[in-house]
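Asks: Each chain, written out:
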Amino acid sequence: MSELPQRQTDIGPPHYEQFLPPVIKKNYGKWKYHEQLGPGHMVHVSESGDKLWTVRVASPRLLSTDTIKDICDIADAHCDGYLRFTTRHNVEFMVDDESKVEPLMKELKDKGFMIGGIGPRISNVVHTQGWVHCHSAATDASGLVKVLMDDLGEYFTTKSLPNRVRLAVACCVNMCGAVHCSDIALVGVHKTPPRIEHDKVKNLCEIPSTIASCPTSAISPDPQNKSVKIKIEKCMYCGNCYSVCPAMPIADPKNDGIAIVIGGKVSNLRSNPKFSKLAVPWLPNTPPRWTETVAAVRKILETYEAGAKKHERLGEWVERIGWEKFFKVTGLEFTLQHVDDFTFARETWRMAATFKW
Amino acid sequence: MSMKHQTPLLDELEKGTFPSFVKEIKRAAEHSDYAQDLLGLLELSYKEKVTHWKHGGIVGVRGYGAGVIGRYSDVPDQFPGVAHFHTVRVNQPSGFFYTTKALREICDIWDKYGSGLTNMHGSTGDIILLGTKTENLEPAFAELSSRGWDLGGSGSAVRTPSCCVGAARCEWANIDTMSITHEITQHYQDEMHRPAFPYKFKFKVAGCAVDCIASIARADMSIIGTWRGDIQIDQGEVKNYAQGGMDIQKEIVEMCPTECISWDGSELKINNEDCNRCMHCIAKMTKALRPGPEKGATILLGSKAPIVTGALMSWVIVPFMKMEPPYDELFDLVDRIWEWWDEHGKNRERVGELIERLSFTRFLKDVGLDPQPAMVKEPRRDPFFFWSEEDVEK
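From first to last, the protein sequence lines stand for chains H and D.
The letter at position 16 of the first sequence is residue 16 when you use the numbering used here, and the numbering goes up by one with no holes.
The letter at position 341 of the second sequence is residue 341 when you use the numbering used here, and the numbering goes up by one with no holes.
Below are the DSS-like pairs computed for lysine-lysine, each with C-alpha atoms no more than 25 Å apart in a straight line:
| # | chain 1 | residue 1 | chain 2 | residue 2 |
| --- | --- | --- | --- | --- |
| 1 | H | K106 | D | K101 |
| 2 | H | K254 | D | K49 |
| 3 | D | K287 | H | K309 |
| 4 | H | K226 | D | K346 |
| 5 | H | K111 | D | K26 |
| 6 | H | K191 | D | K49 |
| 7 | D | K284 | H | K310 |
| 8 | D | K250 | H | K310 |
| 9 | D | K26 | H | K69 |
| 10 | H | K234 | D | K346 |
| 11 | H | K30 | D | K322 |
| 12 | H | K191 | D | K54 |
| 13 | H | K109 | D | K101 |
| 14 | H | K159 | D | K250 |
| 15 | H | K51 | D | K287 |
| 16 | H | K309 | D | K284 |
| 17 | H | K69 | D | K15 |
| 18 | H | K309 | D | K250 |
| 19 | H | K310 | D | K239 |
| 20 | D | K287 | H | K26 |
Here are some of the chain D residues that sit facing chain H, going by a computed Cβ distance under 10 Å:
| # | residue |
| --- | --- |
| 21 | P19 |
| 22 | E30 |
| 23 | G56 |
| 24 | S94 |
| 25 | W110 |
| 26 | T118 |
| 27 | D211 |
| 28 | A311 |
Think of the hints as simulated: they come from the structure by calculation, not from any bench.
The structure presented is a predicted model; accordingly, all values stated were derived computationally and were not measured.
Glycine included, each C-beta is placed from N, C-alpha and C at the ideal position.
Turn these sequences into a full structure, and let the hints steer you where they fit.
Replies: As structure tokens, then:
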């Protein structure tokens, strides 16, 4: 192997300034307003009169170096060698002259890129690693994103909604994706307790931290086996014990599935940020195309589209009409699982005599 | 290179209009044994509906305890190319801007030392270089760091801070999110690369209350730009919005949560004393309305996903802090919070959970923050509160 260069430590990331297109460097902090010109492009106007056009395209987040180099070729040809990614994994190409916009968009279209995701529509899906790279994944994440967006693609590229709809997918309840505060989100869930491999516990696990990992105190010591035991009736299948103790596998292909949570948001616009709430407790895990899950998401989205006022986020719409009405208009079944019995449960019970028939 | 494994289930995910991650893995598989065997392993997961990755082992680069996620397959004999498949987290530049030269450089290094697969970007914000062998970690790190790149955080450490696009391309940025994020990252290199905390600690910096980086939901410390003073109104532009078809009464006035806006058809008035700075009117009429003149940030603390005791959103601990370099006031506050968390936190206890366990009042007292109404949604409902020695007559 050739001689390696001298390594450096604790230098931190490169300074962002060297990656800013000249028009941004010049107008940094001086932007005055922006306008959406279409589903996937917009213009920012500076106090100085300078303008910056941005074209946004979808990405599967999991990118080969070959595709990154293709993206670089486009940025070299049209954007003087600069580009950026968004917080939701889209790619953004920026140009400083209106005449450069059309050729850029044409090349992106010709090369099969999906332009869109700006404004009151669906942007890209924030998601986790899934079966591609995670030990605790109850389902795949990239696959779910792909089938969701294949179905809802028109809400990225053309159709608009009452407001933006943020989708997220987490392959387990650790929720490395922003599932707990998204408009519509999928989360991989278990339905059966972990199995204790007693012969492995003593070598692989620290017993006190395994016991402490359980949110419902279902795990206690089992000194005879130098292991732990589980009070099955207290287990809520969160899998946190498996995170700290590999000898407690919880994956169960027959029973692992997908839950749908809805109505969360992180912005403060109009109403405060909201947590997502349970809409569907379990759907079967059916790769490769998860048709049941995709159909349920579409149903929720279309009901929102039909019922919400302009600018209302999904959670704001549900709060206005009431959750009891949400279950009625979507036709989703309300089950025992929808009634909270975890740590903050009491805040969710209806302490009023007002509700809709 | 032809594909080593048959993947009929994954092939279904090459169909459809949205860009396909399966096509990406196949592209890398043209020149990467890792990607070849990743396809085989992933197909097996699709067939059996179960993951084939084991818990991460302890791997990394010399002198660091973070930045690499160890990953091993549970079927290494079947798929030797992904027997080790460790992830390298490379700290992204603030705002996710790149030159093509820099990106190509990273790609070339990863083609040489890894799978040729990436995530742009991971959930926390890093550039994720997905999958390599243990013996390639040091050379990859030498190549990356000699070109100015460093690793991000992992484990019980400061996690790679990230931010929205901020002042680089947004008129609503009340604070310089990219500078603040860069300075936090540089200031806490040791805390990021050598995990020494009870658990992870995330920073996210948003320029305004729209919170495009989801800081309020996804960061232990959420820094959200805001302002004091009156919203600046351009009445001419307000009229342009009205003439352009916006129903100002319905879309702006009636949607204002504090009912502080009025519109008589020619003039928009805002009672700024009643405004809670939610950003709705400004976001909908960006040409006409701009945030007030005195800029700063609200500092919130505590958010996390549901594990262990339920999801939390960050709550206000400092209503307004000026955010100007060198950000000493912020660093001083962070150091006080960490000292308290180090002292009292249990293993794997996030700072938000610790505050819940020991109480917000104790946190405020110990960290030295004065109570203010902005910190609570409402005062307590119960009559059970503590007094200290000096509050009672002897």
